[in-house]
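Each chain, letter by letter, is given below.
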Amino acid sequence: NAGVTQTPKFRILKIGQSMTLQCTQDMNHNYMYWYRQDPGMGLKLIYYSVGAGITDKGEVPNGYNVSRSTTEDFPLRLELAAPSQTSVYFCASSGVLTYYEQYFGPGTRLTVT
Amino acid sequence: ILNVEQSPQSLHVQEGDSTNFTCSFPSSNFYALHWYRWETAKSPEALFVMTLNGDEKKKGRISATLNTKEGYSYLYIKGSQPEDSATYLCASPGSGGYQKVTFGIGTKLQVIP
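Going line by line, the protein sequences match chains A and B. Heads up: the first sequence runs through residues 1 to 113, numbered per the numbering used here. Heads up: the second sequence runs through residues 1001 to 1113, numbered per the numbering used here.
It should be emphasised that the hints constitute simulated quantities derived from the structure, not laboratory data. Given the structure is predicted, the values throughout are model-derived calculations rather than measurements. It is possible that some hints are incorrect.
[What the hints assert, rightly or not] Result set (DSS-like, lysine-lysine): computed pairs, CA atoms no more than 27 Å apart in a straight line:
#	chain 1	residue 1	chain 2	residue 2
1	A	Lys9	B	Lys1108
2	B	Lys1100	A	Lys44
3	A	Lys9	B	Lys1100
4	B	Lys1059	B	Lys1108
5	A	Lys57	B	Lys1069
6	A	Lys57	A	Lys9
7	B	Lys1078	B	Lys1100
8	B	Lys1058	B	Lys1078
9	A	Lys44	B	Lys1108
10	B	Lys1059	B	Lys1069
11	A	Lys44	B	Lys1078
12	B	Lys1057	B	Lys1042
[Stated by the list, open to error] Quick list of the computed label-pair ranges, beta carbon to beta carbon:
#	chain 1	residue 1	chain 2	residue 2	range
13	B	Tyr1076	A	Pro106	24 to 30 Å
14	A	Asp73	B	Leu1052	31 to 37 Å
15	A	Thr98	B	Ser1028	19 to 25 Å
16	A	Ala52	B	His1012	44 to 50 Å
17	A	Ser18	B	Ile1112	40 to 46 Å
All C-beta atoms, glycine included, are put in the ideal place defined by N, C-alpha and C.
Can you make the complete structure from the sequences, with help from the hints?
The following block contains the structure:
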């Protein structure tokens, strides 16, 4: 079991560029999440999904888009990158049987300059 | 309490000291309370899932208690070691549905050798 995997690990973007952060889980979890971690601010929920084809906004969705075409994959799209999107991004998944305990990927460190 | 709150935000202890910190969460409609350990440059890892009032969980030198009626949980570390240095997060399902978990900002623990 690989758990939750994320690619890439690091990325530098120029302002206005776009990119997709990939996330895959092999635990057959219905629920998947994208968080960003800003210094001193903890984890902020960007988007989440309760199953294939269903997504919803979290606390800080502006500037991002997601899709969930399969149970395993939950990519996060950044359109028109801005310096405010410089952060560490974590993907996570959870299941009902563990009371929605989150399993996190290793994170993607993104810098927008 | 509308959000998940943790105190203190940071803590320095000497190696061998015991310590504890607090997580406060909305007590109405309680479902579960999660504790995570988050080492620098890594991703959060689950420590405990707590679901019943009066629950006490233990893993090695780390233990946690839960009071759902008053909405708090304590995390205890006995005989702190340098490898216990990490940020400890608590999380509780929020008002948007049990699958949408709200994280506290964390308690950053540094154990001084």
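Status of the hints after comparison with the structure:
no.	hint	result
1	Lys9/A x Lys1108/B	holds, 24 Å
2	Lys1100/B x Lys44/A	holds, 11 Å
3	Lys9/A x Lys1100/B	holds, 25 Å
4	Lys1059/B x Lys1108/B	holds, 19 Å
5	Lys57/A x Lys1069/B	violated, 30 Å
6	Lys57/A x Lys9/A	holds, 24 Å
7	Lys1078/B x Lys1100/B	violated, 32 Å
8	Lys1058/B x Lys1078/B	holds, 11 Å
9	Lys44/A x Lys1108/B	holds, 17 Å
10	Lys1059/B x Lys1069/B	holds, 24 Å
11	Lys44/A x Lys1078/B	violated, 30 Å
12	Lys1057/B x Lys1042/B	holds, 24 Å
13	Tyr1076/B x Pro106/A: 24 to 30 Å	holds, 29 Å
14	Asp73/A x Leu1052/B: 31 to 37 Å	holds, 35 Å
15	Thr98/A x Ser1028/B: 19 to 25 Å	holds, 23 Å
16	Ala52/A x His1012/B: 44 to 50 Å	holds, 46 Å
17	Ser18/A x Ile1112/B: 40 to 46 Å	holds, 45 Å
Consistency note: the structure conflicts with the earlier hints numbered 5, 7, 11.
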